[in-house]
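Asks: Each chain, letter by letter, is given below.
Protein chains: 2
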Amino acid sequence: MTSSIFASGGDKSEIETGLSFQPKFDKDGLIAVVITDHISAEVLMVGYMNDEALKRTIDTCEAWYWSRSRQEYWKKGGTSGQIQKVMEIRTDCDQDAIVLKVSVEGNGATCHVGYNSCFFRKVVKTEDGTIALTSPDQGRVYDPKDVYGEK
Amino acid sequence: MTSSIFASGGDKSEIETGLSFQPKFDKDGLIAVVITDHISAEVLMVGYMNDEALKRTIDTCEAWYWSRSRQEYWKKGGTSGQIQKVMEIRTDCDQDAIVLKVSVEGNGATCHVGYNSCFFRKVVKTEDGTIALTSPDQGRVYDPKDVYGEK
Numbered sequence: 001m002t003s004s005i006f007a008s009g010g011d012k013s014e015i016e017t018g019l020s021f022q023p024k025f026d027k028d029g030l031i032a033v034v035i036t037d038h039i040s041a042e043v044l045m046v047g048y049m050n051d052e053a054l055k056r057t058i059d060t061c062e063a064w065y066w067s068r069s070r071q072e073y074w075k076k077g078g079t080s081g082q083i084q085k086v087m088e089i090r091t092d093c094d095q096d097a098i099v100l101k102v103s104v105e106g107n108g109a110t111c112h113v114g115y116n117s118c119f120f121r122k123v124v125k126t127e128d129g130t131i132a133l134t135s136p137d138q139g140r141v142y143d144p145k146d147v148y149g150e151k
Numbered sequence: 001m002t003s004s005i006f007a008s009g010g011d012k013s014e015i016e017t018g019l020s021f022q023p024k025f026d027k028d029g030l031i032a033v034v035i036t037d038h039i040s041a042e043v044l045m046v047g048y049m050n051d052e053a054l055k056r057t058i059d060t061c062e063a064w065y066w067s068r069s070r071q072e073y074w075k076k077g078g079t080s081g082q083i084q085k086v087m088e089i090r091t092d093c094d095q096d097a098i099v100l101k102v103s104v105e106g107n108g109a110t111c112h113v114g115y116n117s118c119f120f121r122k123v124v125k126t127e128d129g130t131i132a133l134t135s136p137d138q139g140r141v142y143d144p145k146d147v148y149g150e151k
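Here the protein sequences line up with chains A and B, keeping their order.
For the first sequence, full-length UniProt numbering begins at 1 and goes up steadily by one.
For the second sequence, full-length UniProt numbering begins at 1 and goes up steadily by one.
Calculated directly from the structure, the hints in this document are not laboratory data.
These numbers come from a predicted model, not from an experiment.
Treat the hints with care, since some could be wrong.
Pair by pair, the computed Cβ-Cβ distance ranges are [stated by the list, open to error]:
1. A/D143 / B/V124: 19 to 27 Å
2. B/D143 / A/V124: 32 to 40 Å
3. B/D143 / A/S40: 20 to 28 Å
4. B/A132 / A/E127: 47 to 55 Å
A few chain B residues that don't get close to chain A, going by computed Cβ distances all over 10 Å [unchecked claim]:
5. E62
6. G81
7. N107
Output of the computed footprint for chain B on chain A, the stretches with three or more beta carbons under 8 Å from beta carbons of chain B [unchecked claim]:
8. 11-22
9. 71-83
From the three backbone atoms N, C-alpha and C, an ideal C-beta is built for every residue, glycine too.
Turn these sequences into a full structure, and let the hints guide you.
Replies: Set out below in structure tokens:
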């Protein structure tokens with residue numbers, strides 16, 4: 001897919017080691033974004049942006065995403081107050097992924113079920129060989145009902 | 001897509017907060033994986049696994065991926081020696097992303113162009129308003145020619 005906003009067409013060497021930003025969107029027009037805490041470096045969530053969401057994020061220094069399930073733009077924190085102030089943006093060698101280093105406003109949490117990070121469970125092998133998740137190893141920062149109401 | 005190896009079919013609450021591992025693969029059968037250094041927490045790369053690659057990763061504690069460009073399995077480090085020993089695996093609330101905390105063997109680098117992390121460039125706005133990348137802000141750990149040969 002050719003992006004309508006960003007440059008494209010660089011050769012492999014230019015994309016991998018050059019200074020031209022040419023984000024590579026997938027066939028659905030999306031790029032994967034890893035959101036980390038700018039101080040602890042903890043991975044908080046993974047989201048997806050299309051070119052317009054990426055442009056809004058760069059222009060406003062607040063994270064915008066494209067919701068694959070709702071098929072709409074969403075500014076993270078629009079409802080919850082958990083705005084992600086963007087402190088740094090990085091891309092990888094083949095420019096098909098983005099890392100955002102953010103400072104989270106409001107209650108400081110990221111996950112909609114109440115935890116600081118969406119990655120609050122480990123994947124482990126149990127004694128009988130099955131693969132399961134551990135109980136959350138961090139406490140809830142907030143009760144989702146207080147932020148999103150009863151569901 | 002229904003995974004052939006892992007459980008599926010849990011309701012929203014079970015998936016988001018329960019202890020059953022039900023990874024959600026996309027319509028191409030893939031799940032996004034964020035690889036971080038198990039000590040510094042730095043994001044090293046983003047890769048993709050299908051269910052078999054994820055199973056191999058869990059079974060062997062070494063990271064296996066599905067290459068979207070080559071359409072084949074690849075064990076990270078098979079050529080370069082940069083094996084990723086998996087210290088911890090996490091999944092997120094909706095179980096459609098994975099975080100691997102790894103220890104990198106060999107020369108300790110991850111990126112195929114020679115850097116410790118694939119995210120060696122920042123995305124910045126220049127003075128004239130264009131969006132560009134910065135020069136790498138980390139030194140090369142190795143010369144790719146020494147590992148992969150001349151290309």
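Asks: Work down the list of hints and note, for each, if the structure agrees.
Replies: Evaluation of the provided hints:
Between A/D143 and B/V124 the beta carbon distance is about 39 Å. The supplied range of 19 to 27 Å is therefore violated. Restraint check, B/D143 to A/V124: a C-beta distance of roughly 39 Å satisfies the suggested window 32 to 40 Å. Range check, B/D143 to A/S40: Cβ separation about 33 Å, and the 20 to 28 Å hint is violated. Distance hint for B/A132 and A/E127: a CB-CB separation of about 53 Å, consistent with the stated range 47 to 55 Å.
No beta-carbon of chain A is positioned within 10 Å of the beta-carbon of B/E62; the least distance is around 14 Å. The non-interface label for B/G81 is consistent with chain A: the shortest C-beta to C-beta separation is roughly 18 Å, beyond 10 Å. Residue-level check passed: B/N107 sits 16 Å from the nearest beta carbon of chain A, beyond 10 Å. Residues of the region 11-22 of chain A with a Cβ under 8 Å from some Cβ of chain B number 6, which satisfies the need for three, so the listed coverage holds.
Check result for the region 71-83 of chain A against chain B: violated, 0 residues qualifying (beta carbon to beta carbon below 8 Å, three or more required).
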